[in-house]
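Novice: Each chain, letter by letter, is given below.
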Amino acid sequence: MFRRGLFSRAFCQIVAISFLALTSSLLAQKAVPAGVNADLPAGPMQAKATTACLECHEARIILQQRLSKGAWTKEVDKMTKWGAVVDPADRDALIEYLSANFGPEKPPYQPQKTAARMR
Amino acid sequence: MNRISMNSRRAFLKQISGAAMVAGMAPSILTWARAQEQVIPFPNEDGMILRSFRFIDLESPVEYFNSFLTPVPRFFVRNHMHEPSELDAAAWRLEVGGEVEKPLTLSLAELSKLGTHSVINTLECAGNGRSLQRPQVPGIQWGKGAVGTARFSGPRLGDVLQRAGVKPTGKHVMFRGRDEVPGKVPPFIRSIPIEKALDGDTLIATHMNGSPLTKHHGFPARALVPGWIGAASCKWLTEIKVLDAEFVGNFMSPGYRFPNHPVNPGDAVKPEETHPLTALTVKSMISGPSDGASLKARQIAVHGTAWAGEADIAKVEISTDGGIHWNAAKLGHEQAHYAWRLWSYEWKPVKAGDYTIQSRATDSSGRVQPSTAVWNPSGYLYNAIDEVKVHVS
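Protein sequence lines, in the order shown, are assigned to chains B and A.
Going by my numbering, 62 is the number at position 62 of the first sequence; the sequence numbering is gapless.
Going by my numbering, 158 is the number at position 158 of the second sequence; the sequence numbering is gapless.
Careful: at least some of the hints might be erroneous.
Unchecked claim - What follows is a list of derived Cβ distance ranges for each label pair:
(1) A/Glu273 / B/Val85: 32 to 40 Å
(2) A/Pro265 / B/Pro107: 15 to 23 Å
(3) B/Arg91 / A/Pro168: 21 to 29 Å
(4) A/Gly249 / B/Ala116: 47 to 55 Å
(5) B/Glu96 / A/Ser118: 50 to 58 Å
(6) A/Glu95 / B/Arg117: 17 to 25 Å
(7) B/Gly70 / A/Pro187: 45 to 53 Å
(8) A/Ser118 / B/Ala115: 27 to 35 Å
(9) A/Gly115 / B/Thr51: 49 to 57 Å
(10) B/Ala116 / A/Gly115: 23 to 31 Å
It should be emphasised that the hints constitute simulated quantities derived from the structure, not laboratory data.
Because the structure is a prediction, the values reported are computed rather than measured.
No residue lacks a Cβ here, since even glycine has one placed at the ideal position from N, Cα and C.
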C-alpha cells in the first residue's frame with residue numbers, strides 16, 4: 001500500500017514536527033485544547049490586529065475571507081464603528097496587513113471539522 | 001469516500017517524495033498533518049465544518065444531505081454573536097407588547113399550554129453558498145451546507161398574538177433574542193410583516209425533531225418563520241413586539257437586503273435600491289457522488305436535495321454533458337410544504353472520462369435554478385445550478 005521506507009521516514013518527521021508545534025501551541029494556549037484557537041499571521045500588525053479584532057471574535061472569521069483592499073477598508077471602518085479599538089494612526093497599516101494576507105488571489109481557506117460522533 | 005482518501009494519500013506521498021522533503025516543504029506538510037489529525041472537540045456536534053468557534057458557526061458537509069430530516073447534531077449552526085451565557089428555563093419569560101391591546105408575559109409552562117403545531121421546514125442561512133460568489137464578499141464563507149430540514153414544534157405565533165390582541169396599527173412583528181452583544185455591535189433584532197406572523201405555520205418553536213431545542217438552536221424558544229431565510233427565525237426568543245412599521249436596525253438595513261435590480265458583480269448598491277430578504281429561492285444540491293470522486297461503477301447513483309422556500313419543487317433535472325441534455329431525477333416520496341425534496345438519478349455513463357454532473361431545480365411558481373447566481377454585495381441567496389466533477393474509469 002505504501003512505499004514503506006519513505007513513508008516511515010516522512011511520517012516520523014511529521015510526527016516530530018507536529019509534536020513540537022502542538023506542544024508549543026498547547027503551552028501558548030494553556031488549557032485550551034489544541035487547534036481550538038487560531039492565530040492571525042505573522043507581520044508587523046499581528047499584535048495590534050489580534051487586540052483590535054479578536055477581542056470580539058476569533059481569528060477564523062478573518063482567516064476565511066478573501067477580499068479586495070476596498071472591501072477590507074469597509075470592514076475595518078465598520079468594525080471600528082462597532083467597537084474595535086484601532087488607533088487612527090494604525091488604520092491604513094491594518095488594512096494593508098489584512099489585504100496582503102487575505103486578498104482574493106490567496107488560496108482558499110481550509111476549515112477544520114468538529115469531532116465526529118455518529119457512526 | 002475511501003477512494004478519495006486513497007487518492008489524497010497517494011497525492012500526499014507523491015508530494016513528499018524526493019526533493020520535496022527539503023526544509024521549505026515542512027510547513028505545508030505540517031499544515032497537511034495538522035489538518036488531517038486535528039478535529040475540534042465539540043459536544044453534541046457531529047463532524048461539522050468549523051467556520052467559526054467564537055461565535056459558533058458550523059456547517060454540514062454535503063454528504064450529510066441524504067435524509068429528509070437532518071439530525072440535530074448535523075444541523076448547521078449560525079450565530080451573529082455570543083450565545084447566551086445563562087439559559088434558565090424556569091426563569092425564562094417571553095414579553096409580548098407593542099401595538100397590542102393586552103401586553104403579555106409568558107413563562108415556558110404558560111407558552112406550552114397554548115397548543116403545539118408542527119412544521120417540517122428547510123431552514124437555510126441567507127448567506128449559504130457565499131464563498132462561491134465572485135468577486136468574493138465579506139461574511140462567513142459558507143460552502144453549500146448552511147441548510148438543513150427539521151420538524152419544528154411549538155405554539156403558533158398567531159395564537160400568542162391573538163391572545164395579546166393586535167391593534168389595527170400593528171403591521172410588523174419584531175423579535176429580540178438573548179444573544180450577547182460584543183462591543184458596540186448592534187443587537188440582533190429583526191421584524192417580519194404581520195401577515196407572515198399570523199400565518200398558521202409560523203411558530204414559537206420549543207422543539208426540534210421531537211426534542212427540546214438545544215442551546216445552539218435557540219433553547220428554550222425561537223421563532224420559526226417557515227420558508228424564509230434563517231435570520232427571520234430568531235433564537236433564544238425573549239421579546240415579541242408588534243410595530244406599526246418595519247423595524248429599523250442594522251440587521252434589517254443594510255443587513256439582509258437584496259438589490260431590486262441585477263447589478264454588475266463588484267458594484268456598490270444604493271440602500272434605497274434594495275429590499276429586505278424574505279422567502280428562500282429555488283435551489284438544488286448534489287450530496288453524492290462527492291466532488292472529485294473517482295468512480296468505477298457502470299451505474300452511478302446521483303442524489304441530493306432541492307427546496308424552494310414557500311414554493312414547492314416541481315422537478316429536478318440532471319445533466320452530465322455540460323447542460324446540453326437534462327434528464328429528470330426521481331423525487332423522493334417524503335414531502336412537506338416548506339421542506340426540501342430528496343431526489344435521485346441513476347446515471348449510466350457510456351464511457352470512461354471526466355464528467356461534470358449538474359443539478360437544476362424548477363419550482364411550482366416557475367422559477368428555475370440559474371446557471372449563474374445573482375451577485376450581490378453580501379452574497380445572499382446563492383442558488384446557481386449545482387455541480388460536482390467526477391472521474392469515471
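Novice: Taking the hints in turn, state whether each one holds.
Specialist: Taking the hints in turn, this is what the structure says about them:
Checked against the given bound of 32 to 40 Å, the beta carbons of A/Glu273 and B/Val85, roughly 34 Å apart, stay inside it. The hinted window of 15 to 23 Å between A/Pro265 and B/Pro107 holds, with their beta carbons roughly 21 Å apart. The hinted range of 21 to 29 Å is not satisfied by B/Arg91 and A/Pro168, whose Cβ atoms lie roughly 50 Å apart. Between A/Gly249 and B/Ala116 the C-beta distance comes to about 38 Å, which lies outside the given range of 47 to 55 Å.
A C-beta distance of roughly 53 Å is found between B/Glu96 and A/Ser118, which places it inside the suggested range of 50 to 58 Å. A beta carbon spacing of about 37 Å between A/Glu95 and B/Arg117 contradicts the range 17 to 25 Å that was offered as a hint. Between B/Gly70 and A/Pro187 the beta carbon distance is about 28 Å. The supplied range of 45 to 53 Å is therefore violated. Checked against the hint of 27 to 35 Å, the pair A/Ser118 and B/Ala115 passes, with Cβ atoms roughly 31 Å apart.
The supplied range of 49 to 57 Å is met by A/Gly115 and B/Thr51, whose beta-carbon atoms lie about 51 Å from each other. A C-beta distance of roughly 38 Å is found between B/Ala116 and A/Gly115, which places it outside the suggested range of 23 to 31 Å.
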